[in-house]
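Trainee: Chains A and B, in that order, are what the protein sequence lines are.
In terms of our numbering, the first sequence is residues 80 to 194.
In terms of our numbering, the second sequence is residues -4 to 110.
Be careful, since some hints might not be right.
Once the Cα atoms are required to be at most 20 Å apart in a straight line, the calculated PhoX-like pairs of lysine-lysine come out as [stated by the list, open to error]:
| id | chain 1 | residue 1 | chain 2 | residue 2 |
| --- | --- | --- | --- | --- |
| 1 | A | K136 | B | K97 |
| 2 | A | K88 | B | K0 |
| 3 | B | K97 | A | K150 |
Each pair of labels, with its calculated beta carbon distance range [unchecked claim]:
| id | chain 1 | residue 1 | chain 2 | residue 2 | range |
| --- | --- | --- | --- | --- | --- |
| 4 | A | S146 | B | D(-4) | 28 to 34 Å |
| 5 | B | D(-4) | A | I193 | 33 to 39 Å |
| 6 | A | S101 | B | S64 | 42 to 48 Å |
| 7 | A | K93 | B | H67 | 28 to 34 Å |
What the hints contain is simulated information worked out from the structure, not anything from laboratory work.
Even for Gly, the Cβ is constructed at its ideal location relative to N, Cα and C.
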Amino acid sequence: DGGITQSPKYLFRKEGQNVTLSCEQNLNHDAMYWYRQDPGQGLRLIYYSQIVNDFQKGDIAEGYSVSREKKESFPLTVTSAQKNPTAFYLCASSMGRSRSNQPQHFGDGTRLSIL
Amino acid sequence: DQQVKQNSPSLSVQEGRISILNCDYTNSMFDYFLWYKKYPAEGPTFLISISSIKDKNEDGRFTVFLNKSAKHLSLHIVPSQPGDSAVYFCAASPISNFGNEKLTFGTGTRLTIIP
Chain A
80 DGGITQSPKY LFRKEGQNVT LSCEQNLNHD AMYWYRQDPG QGLRLIYYSQ
130 IVNDFQKGDI AEGYSVSREK KESFPLTVTS AQKNPTAFYL CASSMGRSRS
180 NQPQHFGDGT RLSIL
Chain B
-4 DQQVKQNSPS LSVQEGRISI LNCDYTNSMF DYFLWYKKYP AEGPTFLISI
46 SSIKDKNEDG RFTVFLNKSA KHLSLHIVPS QPGDSAVYFC AASPISNFGN
96 EKLTFGTGTR LTIIP
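Using the sequences provided together with the hints, build the complete structure.
Mentor: And the structure:
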């Protein structure tokens, strides 16, 4: 059945290391998104992509990078420049600009912790 | 600057009664509003949405009301069931040439249904 798969569910990183979080969707959605959730806060947008080979910065893009080489995949790299990377990371997708007023659907998240 | 506010961090309701969750927004450009439900260690699940041309949208036990003049929306759940216990996020997006791709989330309200 269709959905969004994030892996791994838990990830540990040493100081100074880059780490890549995977997000795959088989919903045939054009748009994909990365959010970060911190305790007691709402979701904040890191990056989004409306179409393959194109992506835009969200509200908190510093220290992160993304790529969108395939429609199904939108990996997020947390670089060593991200000063506070410990958080719950959520990937989402939606139909995108082809259909307005469509909800975003989320994966089950990856919890990243710094060792 | 919190553009979407959920001022009640938590709410407890007796099983079978009505649960009312509230959300206020400040950005008059928002025109599409959504409610998501989230269990611990899982991604948010889309519940119901409403566009600014309506003031009410209903889906089973869930109804969302929008008061544009007050910049306020609410989610009514009736009757409340134990499985409704979760954190509920309100989200909003402005209309743009690219559809509704940029969601702004509130900080969430933890709903507990008391058996």
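Trainee: Each hint: holds or not?
Mentor: Taking the hints in turn, this is what the structure says about them:
1. A:K136 / B:K97: holds (11 Å)
2. A:K88 / B:K0: This hinted pair is violated, its Cα atoms lying about 29 Å apart.
3. B:K97 / A:K150: This hinted pair holds, its Cα atoms lying about 19 Å apart.
4. A:S146 / B:D(-4): 28 to 34 Å: About 31 Å separates the Cβ atoms of A:S146 and B:D(-4), which means 28 to 34 Å holds.
5. B:D(-4) / A:I193: 33 to 39 Å: For B:D(-4) and A:I193 the Cβ distance comes to about 28 Å; the hint is violated.
6. A:S101 / B:S64: 42 to 48 Å: holds (44 Å)
7. A:K93 / B:H67: 28 to 34 Å: violated (46 Å)
Checked against the numbered hints given earlier, this structure breaks hints 2, 5 and 7; the rest are met.
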